[in-house]
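From first to last, the protein sequence lines stand for chains A, B and C.
In terms of our numbering, the first sequence opens at residue 1 and continues consecutively.
In terms of our numbering, the second sequence opens at residue 1 and continues consecutively.
In terms of our numbering, the third sequence opens at residue 1 and continues consecutively.
Among the clues, some could well be false.
Unchecked claim - Straight-line alpha carbon distances no greater than 16 angstroms define the calculated EDC-like cross-link-like pairs of lysine to aspartate or glutamate that follow:
no.: 1; chain 1: C; residue 1: 518; chain 2: C; residue 2: 103
no.: 2; chain 1: A; residue 1: 42; chain 2: B; residue 2: 176
no.: 3; chain 1: B; residue 1: 2; chain 2: B; residue 2: 176
no.: 4; chain 1: A; residue 1: 42; chain 2: B; residue 2: 197
no.: 5; chain 1: C; residue 1: 573; chain 2: A; residue 2: 284
Read the hints as simulated data drawn from the structure, not as lab findings.
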Amino acid sequence: MSQIVIKDKIPREELMASGHVACPGCGGTLAMRLVLKGLGPKTIVTLPACCWTIISGPFPQTALGVPLLHTAFETAAAAASGIRAALDMQGDKDTTVLGWAGDGGTFDIGLQALSGAAERNEDILYVCYDNEAYMNTGIQRSSATPWGAWTTTTPVGTPKSHPKKDLIAILAAHRIPYAATATVADPVDLIGKVQKAKAIRGTKFVHILAPCPPGWKTSDEETIELARMAVRTRVFPLYEVENGQRWRFTAEHPGDPVEPYIRKQGRFRHLTPEQIRHIQAEVDARWELLKRRVEFSA
Amino acid sequence: MKKVMMGNHAVSWGVRLARAEVIAAYPITPQTQVVEELSEMCATGALKARFIKVESEHSAMAACIGAASTGARTFTATSAQGLALMHEVLHWAAGARLPIVMADINRAMAPGWTVWTDQNDSLSQRDTGWLQIYCESNQEVLDSTVQAFKIAEKVDLPVMIVLDAFYLSHTYEPVDVPDAAEVDAFLPKRVTRYKLDTNDPRSFGALAPPPVYMEMRLRQQEAMEEALRVVDEVDEEWHRRFGRRYGAVESYRTEGAELVLVVSGTIASTARYVVDQLREKGEKVGLVKARLFRPFPTAAMRKALAGVPHVAVLDRNISPGHCGIFAEEIRAALYDLEPASRPAIHGYIIGLGGRDVKPENIIDCVDRTREAARSGKPTPREDVWVGVQP
Amino acid sequence: MAEERTASDIVHGVPPIAVSSTSTLANRTGSWKYIRPVYQDMVAPCNAACPLGTDVEGYMNLLREGKVAEARDLLLRENPMPAVTGRVCDHPCQTHCNRALFDDAVNIHAVERMLGDLEPEVRQPVPARTRKERVAVVGSGPAGLACAYHLARLGYAVSVFEADPEPGGALRYGIPEYRLPRIVLVREIERIRAQGVTLQCDARVGGSLAWKELESYDAIFLASGARVSRPLELAGRSVADVRPGLDFLREVKAGERRTVGRRVVVVGGTDTAVDCARTALRLGAEPVVVCQGTRADLSANAEAIEEAIREGVRFEFQVWPIGVQTSEHPEEEEPLEAIRTMFAEGDGPRARLTGVECVRMRPGEPDPSGARRAVPVQGTNFILPADTLLTALGEEPDLGFLPPEITRKGYVVKVDEYGRTNHPGFFAGGDITGEPRTVAHSLGSGKRAAIGIDRYLRERAGEAVPALETQELRLGGTGNLSITRWRGDDPIRRASPVNEVVPYDQLNMAHFAGVPGKTDRHRSFEERRSSFAEANLGLTTNEALAEARRCFNCGVCNMCELCLIFCPDVAIKRHPSGHGFSLSYKYCKGCGVCVEECPRGAMTMTREGL
């Protein structure tokens, strides 16, 4: 088959409603839609402060067809643990508890609670939709913001001078049964991972790259293309880690040069060719490390 | 069944009798025996609950919020720094109208580092929307813990049971442990109107814009007002079933008193002793124990103190820049009384950071109050710091 | 507890907590947008490139869905002879196939051939005679048959008159058996006849068929072809000493000739030249093709040249004959029947050809038009040994039978895009007009004339005709006319079709995997050198179906659902009819992800409110 036909692999049930108030072309919103397709209606979501706090609609609305608990910024994993405990006491082992947080709530303020839940191996699925900055508050840098990016707190004169935190490695170090990356550009891979995670008992972590047109200064329609480029350039490789030990790629990574990906994004507009070469070198180095992990565990 | 137990274990027993389903807690001195005992109870199966050993108090409360939102009867315990760390989510629990019960072992706030008691930790959570019940004895701790679940679930508000570090938490007293079946009759399984339920998918705690936020806070306030009635009602039922009651405010030998001491927590026991001594000498001194701090029992407090010429409020706490917090609250509560029946309020700061409050300290307060009364001068607004070095 | 609570939980207008009671569907987020996506089918480049105006993309899509019979029927709407064109067309569709820019062009002609070769499961009903008018067609070559076929399907009574004893014109006599087996042509003509077309052979206009008789028809389509070979000018020799290659081909095909000399020289760069050489090869000769230009300059099909070379044909590029060498006394050891035939018609002595004198050529100085005509290179003359010389310099029509009032343009009849001559009711197509000399163009010109005749007769009868500009009938605005568009009965549902070709850069290649194209199977070269059996075996049905699935379906929605899957606003739903999608503009925020991700350019953004 020439066209990669995916429609038969995407569950048809829609658990996210129209009329949510996400920005046009929001990757994080599509991520929610796809993840819920993978999990189905027996799911309880808890989400801390993040774009989705707004996206899901003001009281008395909800955009989701599953229960949703809003909670404080740093508490997604802890609140999810509490929900899980209550369900366990009710004898409900089928319902998936989904902690759904942005990169700020995961990489930064929520990392302690996430680490705690992961160490306890709570039977939850934690999904970080990563738009690489505090977008809901107006584009401030987080520890998920890539090196060199402009944000309102890393202005062009002093763009972000630290690379993105390697969160999967942190989670893998907790030896949780399952950790994976995914993007909205590959719904089959994303849903497959979510469904795999759903079947595993213990803490599952899925890190989804979710392009953000207003925050990345990109065109609304390019959200999917950017996510795809991120994978092809190895900026955001697709892989999974089982029990913190077995690392495995789940996609092809042709290693396209990063420059076109960088140049598509206004947040990188100020970068010089030399700085882009620096990013390429960083991507290459991380790729080598990841490749060694994969090869070592093969 | 009588058992000799420390105050912390009285908390654990109360939780066990209440059949809490989810416990999430983090250890902190002087609370640790509460969670140790609960861990033991869960391990042996005496208490069928999921105990989440979280990595912080903040997560403890967040987990309680998650569990309570899913319909579970939920408990946690902490002290001082831990409670302060929880501050954000204390608001959340109350605003989400979750009937979470927490034991706070009153410990003073650092720095310098301290593990000893005073009430600043719990009183600085005054405006988070939690009910606060201050206990005097281990029996009261156990009884109040069980009562707290019933009150909380009746008004959909969280309840904090407060007991003094060491003076109660680590002090062994004989405690009558009620029969479990009888407690079950008093406190059936939690039923909730709203919860996270995949058969009725709803969102909880979404953005509340200005047109609705105030109404939600008004409803929370009305629930607090309702709680005043419910605290008494539950206390009465407890009395019917188990023969003990405590009241929101307890008056002790206040008949015809010219001076009434107002205290809370374990100081009440010392104060009872002092009042007994003074009464034996024929002195018209009484005692009011403030048990319920939030919602503030204004009517009960007025009833207890109206017409008493002089009231001495002993605060084991301080609102820096202002005064003792109970004194402040009582002054506000009595302000609207007719001037003829409105007492003069004398404030005393005492026992901070675990400093022992001895009978002579209380007598000192009584003497200073009398002296002030005799002087005929207006009652000073500044509190007297009792027992401090000059 | 719960039961103690009042039935209504709303006080001060709110529940006790911020619990939801409704969904976000109340928010008309569609009002945010200033641009909106629309489904808008466009035209695949293969369709626009096809000289016939075939809906290639359409039948490929039906094949992808497993609808083989429907695919064949769609193809037959425009092309009456897919088994022929699947073999002999030089398929510009494939040259323009967007897939060629990705991996390999779809092997369209092989798929077309497979469809053309299918046995009809159900005999197609003869179209009802809904028109009272009668139309005469002169010539049963591809142009005439195509015109007759389409007119019959439009409800007209059509009579085709053929001067030869058998129908088919150039298809029958001009294309060798190894390229187009006679049986294939016979079946195709049968298919056309089955539409109710009357075929009358041995009917030469001016001969057995009186012009007067023709004039009794309501309209006439002239398609008598081009059969007069252009002569070769050779110094000092009569032109009668060389033989036209076309005659050679006809004789071989008709079984009248089974041998040829050993050293056969063919002059010319046309398809006929290549066919002559390959035919001679099969008769045991060692043919050499002599042509003026380089290989790239040849008008013959490049694939055919390649095939010829691989079979063993020698080409002498940039060479031209300037004279012949003959022997007055034929050598006894080479009494070739072929040579006798060759020169039997000459008036002179029975001279035998022994060689062709040639000179090497080079491009000359550009003329005013910029063309660089070849000029001889002095002193490069040489003798090419030869016992047979065939010419294939192109053919011209014989217009002698036409009434003088019909306007010519050079050697051909002047017509417009509907095949109209200057004379009302007289239409012409194929090789007697300026149409490019390919089977596909001839078939296409017949179809255009059928539309022209239909329009003419309807207008004459005072009926309304479709108010369609020619441009609207042309696939992609520049391709051939679509009779389906003229008839207005397209079985393919199209969403807001736009008559523009989808370029490669409007496709999204991220959604395709590289799959190498399947090329035709061929007989071995050894086998070919001694056999007239069909050289190209095409693809098996399964291979052709697999090839059809390689089609990008450029410009036309094939329900891949990527728009729906990638919509962040859940604003796209499958249409209840099962075909197409409904887009909820009430919620669509106009992000354009659907348009960007559409693999085939079947969606576009338009300004809001338009």
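Structure-based check of each hint:
Straight-line distance between C-alpha atoms of residue 518 of chain C and residue 103 of chain C comes to about 11 angstroms, which keeps the hinted pair within the 16 angstroms bound. Between residue 42 of chain A and residue 176 of chain B the CA atoms are separated by roughly 45 angstroms; this puts the pair beyond 16 angstroms, and the hint is violated. Between the alpha carbons of residue 2 of chain B and residue 176 of chain B the distance comes to roughly 4 angstroms, so the proposed pair stays at or under 16 angstroms and holds. Simply put, residue 42 of chain A and residue 197 of chain B have alpha-carbon atoms about 9 angstroms apart, close enough for the 16 angstroms limit, and the pair holds.
Straight-line distance between C-alpha atoms of residue 573 of chain C and residue 284 of chain A comes to about 41 angstroms, which puts the hinted pair past the 16 angstroms bound.
Figure legend: structure checked against the earlier numbered hints; hints not met, in rising order: 2, 5.
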